[in-house]
Amino acid sequence: MSDRQEKMRQSAEKLLRDGEVGYVIGWGATRFCDRTTPVFIDSPEGAASLVWNEHAVNSLAKYLLDDKYPDKKIGLFARGCESRAVNRMIKDNQVKRESLYLIGVPCDGKSSDRCRLCRERNPLVYDVLLWEPEANAAPADRFERVRGVEAMSPDERYRYWGGVYDRCIRCYACRNACPVCSCRECYVDMGRTGFQGKQHSRSDNQIFGVTRAFHVGDRCIECGECERACPMGLPIMGQTQKMLKEINELSGEYECGLDADSDSFLGRFDLDDKDEFM
Amino acid sequence: MSLTEGFEPKIIAFCCNWCTYTGADLAGLNRMKYPENVHVARVPCSGRVNPQFILRAFQKGCDGVMVCGCHPGDCHYSTGNYFTRRRFMLMKRMLEYNGIDPGRFHARWISGSEAAKFRDTVAEVSERLRKLGPNTKYREALREGADAGKGGAGI
Amino acid sequence: MRYSYFPGCSMESTAKSYRLATEYVMGRIGVELVEIEDWNCCGATSAHTLSAAMGLALPARPLAMAELREPGLDIVTGCASCYARLRLSMHKARSDKAAKYLIENVIAMPYEAKREVYSFLDVLSGEEAAAAIKAKVTRRLTGLKAACYYGCLNVRPAEVTGAPDRENPMAMDRIVGLTGAEAVDWAFKTECCGAAHQNDAASVSRPLVWRILKNAQANGAEAVVTACPMCSLNLEMRQGGYRKHTGLPSMPVFSVLELLAVAMGASARQIALEAHHVPAAKALAAALRRSGGGVAI
Amino acid sequence: MSRIGVFVCHCGTNIASVVDPDRLTPAAREMPGVVYAADYRYMCSEPGQQMIKDSISEHGIDRIVIASCSPRMHETTFRKMLKGTSINPYMLEIANIREQCSWVHADKGRATEKAIGLVRMAVSKVSKNEPLYAQSIPITKRALVIGGGIAGIQAALDIADAGHEVVLLEREPSIGGKMAMLDKTFPTLDCSACISTPKMVDVGAHPNIRLMTYCEVESVSGYIGSFEVAIRQKARYVNHDICTGCGLCETKCPVKVDSEFNLGLSKRPAIYKLFPQAVPSKPVIDSESCRMLKDGKCGICAKLCPLGCIDYKDEARTVTESFGAIIMATGYQLVDWAAMYGEYGGGRYRDIISGLQFERTVNAAGPTEGHILRPSDGREPETVVIVKCVGSRDPKKGKSYCSRACCMYAAKHAHQILEKLPGSRVFIFYIDVRTPGKGYEEFYDQTRMDGAVYVRGRISKIYEEDGGLVCQGEDSLLGSQVRVRADMVILETAMEPSQGIEGLTSMLGAARDANNWIQEAHPKLRPVETQVGGVFLAGTCQGPKDIPDTVSQASAAAAKVIGLLNKSEMETSPMISAVERDKCSGCGACVGICPYKAITLQEIDDRLGAKRIKREVASVNSGLCQGCGACTAACRTGALDLLGFRNGQILEEVDALCL
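Residue numbers (the numbering used here), protein chains in the order written: chain S, 300 to 577; chain H, 4 to 158; chain A, 3 to 299; chain C, -18 to 640.
Note that these hints are calculated values from the structure, not bench results.
If a hint is listed, it holds; no wrong ones were tucked in.
Covered stretches of chain H (chain C as the covering partner; in silico rule of three or more C-beta atoms under 8 Å from a C-beta of chain C):
(1) 18 to 27
(2) 31 to 43
(3) 61 to 75
(4) 80 to 91
Quick reminder that beta carbons are idealized off the backbone N, C-alpha and C, glycines included.
Only chain S is shown next, with the shape it has when bound in the complex:
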């Protein structure tokens, strides 16, 4: 473990010393032994504060959206989940590959529930790989939770989601953590468009939930950051996973962020798509 941490520090230090990147995004220690925090290292000396342990949980890719027009390259430690996010951001024209330096760090598994669906520990895109790829662990049943909800009656489902959204406080942490939420201004923050109200009611919360699923569902890389960020612990991936499950059933095996070229499901069509509206 410490060997890998050392490699990361050396790599960041060299990049910064050579002026290859403006800063490096990684993980740093906190006061708590079981927590890390994303850190932005902008000097070679600072590299010594990088840490790598099972608590390096946060996905770092989202921070790229805060600096879309950097003067120098940004160094980013990239595991499978960060790399899929980067692929998606490139496809969505939000970041440019050439303004990133991706330091590949195959993931050895972290102590977070968000990793339960992880299907790709190794970065799919990187400039350098710091150590040997890891074997992928068998992920949990991808759509198990969705099937659980599907098994309910319509009224039960409504009660289930109603219960979930009754507890939603509309803090939008899910949106802020999501690497594919990349609008300049989110529709819920706008007064004028008026797609939905801002008030905190079951109805408006539910509509926010379904809309969020629709906005990101066909691009979701299943990193689980939304649920990790949710302060109320709501099972909101149940919505995006449902989108993915249906897309899988309608058009075959579908996963996002595996490359930077594939169109998302709602951005294209097939003449032979299933038709149930005749």
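Please build the complex by placing chains H, A and C on the supplied structure of chain S, with the hints as guidance.
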């Protein structure tokens, strides 16, 4: 029972200008009769219909929503309805997954000549909704006298 | 070169010379054939006409056995009928979940279809094998004009066999070329020979055999070469009446392995050439003489 | 606050007998923002319109709702009416209370209730309307015709005769296309060259037509009225400005390669004219076979040329030209049957030829000077088998569609063989015989009388045996196998779109159908238009057809172009998509959805705090956008909106219904 007796559902139908709206006009020219529940909102193409419109309709008190357009391959704009097809196939499933009854949302291809299909579809949807009764799901808090306080945070 | 080997029933009975030639040639060129333990009949051609499940499961069982015992080996067979049935089961197990489920239930063992099923033609036309053949050919069958008959089941249906050309395949022609014999260009390489109905509808099926032989002769062939014991049997045994109907002489029929064996030095006795219905040794002897080898066969 | 006027039409009794204006009009008056409401017998009539205009000025109305018949009926009428008033024509909404209310409902009470609902929806929507202004785009009065076959020739001549400039572009060294290769045309059997070459000459001589042969389209930008087309003139190596077309250069060229025009049945030199009547009647050098260009050794033609036209250093050039309209006349090619039909020998038998090769064979100007001789040994065939639908109507191996012209030219081929080779026998294998055309069925009948034997069934195998071709197949009327020994076989092969159609259509943004033919805008009502404004279709690029249909369509496309070019400018609908750049993150979700390629990502200068940055945003080309709104539904943030059908307007309608 008391809820559905004498109940007339409120239905909004988003119809594309080139096929379904024309088909609905043709139903009029042929003096076909169908229930009064349906109100058509004209859009240039079924591809114009944003899923937000459907959510809004349920929230504001529609009992049923229809999205109608040209048959695939006949779109006035050539490919618009292929996107409609994908979008609303997912939308329908998401609504059902969230507990909305499958009978409340309908997407249909109705061409400019299919006046009878428009009439029959409206009649069928309206009959189905009459049996289902008023939609309470996704409704925003009713203003007065509603059963406020029953649900969670502000219904 | 090691393969799991599915001999098929004919190899045990009517195709004695084919079997001996196979053993001879594969031994010489260093292809090790690991006979599948407790293999069973592939069911061709009756099983699948009676029961779809049986038609899929019979060939799948030896394939599953092979994958169990020798998970690293692909499977090879020397019979076109077996090849078609084995390949179909492999193809179905890969592409159709329901069929895989059915197969596994009937044979009561898992069948993942991870390994490929090949024919002798696939194996012998590979680069490595072709080089080995070239190295081992000691005498040439110069001037022997042969019509390569692939049979329908080595190539069809294309989605199962993956054959690139269903009408004019060339793999056997190239192998025959290695012996010094000349493969003629002809039109009936993959035409149906009516094998399945030679017993119950002879009046319809015999002419199917004859027109194949006739076209071979019309294109200058003096022998037909096959890659299947059933094709061989059929083309050879159904020549009665051929001369009367066409006025043409009868035709010797070899398997491609016999040609290779002779070219590698096998004697007639070693590969039981005398077991042929249509006298076969003469044509080979003539070719050997032409090559100047003059070695008695 | 808006000042809305509502005008309820009785439409005689059409509306008023079911919907009660005495309830509807007062109800409308109570709706938010409504300052005036009135009803009248016929709103669309002169006095009705006058009443609206008067009310607008009298009550300071800034937008109106008309409750009447369908907007598809009178929306344009009322917009025109508003042009003479103080308010913008787009400050109008129509509540359809006739076709979608009074005519379809019987219960007066409920119908009136519904009408009130429909008017409320329209009032709410109109409260969010904004003035829109139509743009007018200038029309460049020049047309480009791509493809110099008979379709392109006809279209170019028609447009030029109407007084407009035309560029006729052809990628081969000569115009003429497939028709120039044919011998005779069915059903009249007039000589193809005799009717097409005069037209070719007309094209060459027409003052309004500029011929650009040996040219290809490199790129297209712009939209209806002003397309910019980059055209690549391939290197000819012969200066056509001085060349007189004497033909001396061709006589001594040492190279002999397969002639494209004779489909490999004869040879041509490396410096060549496509065929003797080529237009322009001047040669080009084929750089792939010319010894001088390949190895730098030869130069015979340059020595022979008395005018010094040969220029081995010639290079391809690209010119960019402006056009107001484009006609696609790119035609067809025949499928590569040899790759599809191994059972017919896969091209190994020389005496199996395609129908077009037969045309060259039987053509007096062809390689055999019109004698029907088989290619293998130059003998006259005694028995000929003609196989129809090779590649057509064969979804497994070829195309699922019917190629339309083959039934007739198969009959023509049979007729020509029986006429030129007395005592010969012709067997035609067919699936159906289709003769829908003037004089076609009669021609087919005559061919049978001539002695052609029609056998209903497909040929399953053709093989060579004893010096002949054995055609094996089924006579499905007799239900038996048949085998015919032929000396020559003619395959009437399927048409498919010309090679290169994909690139060309995607440059233009025009769609192709499942078989790659160019998609017409509407199969019945707009058969010569594509869905791209200003791009029209002529001939077989749209689908298989024969010469009369091709020429008709070419003239129709020309008429469309003439109509367009007769205007100097054109008004476009202002109801198109618009981007709010501040909101747009440049994600590009809209770009791929637009069927007209009207949206592109454009780099703009922006600021991020104190920093100057360049970022990409969606940009809508108002000349290309047709206003479908598909992009708006894909835009998560709502940065794209459709003018006239804004998100806000539709949401208002929804809210109003639910009140």
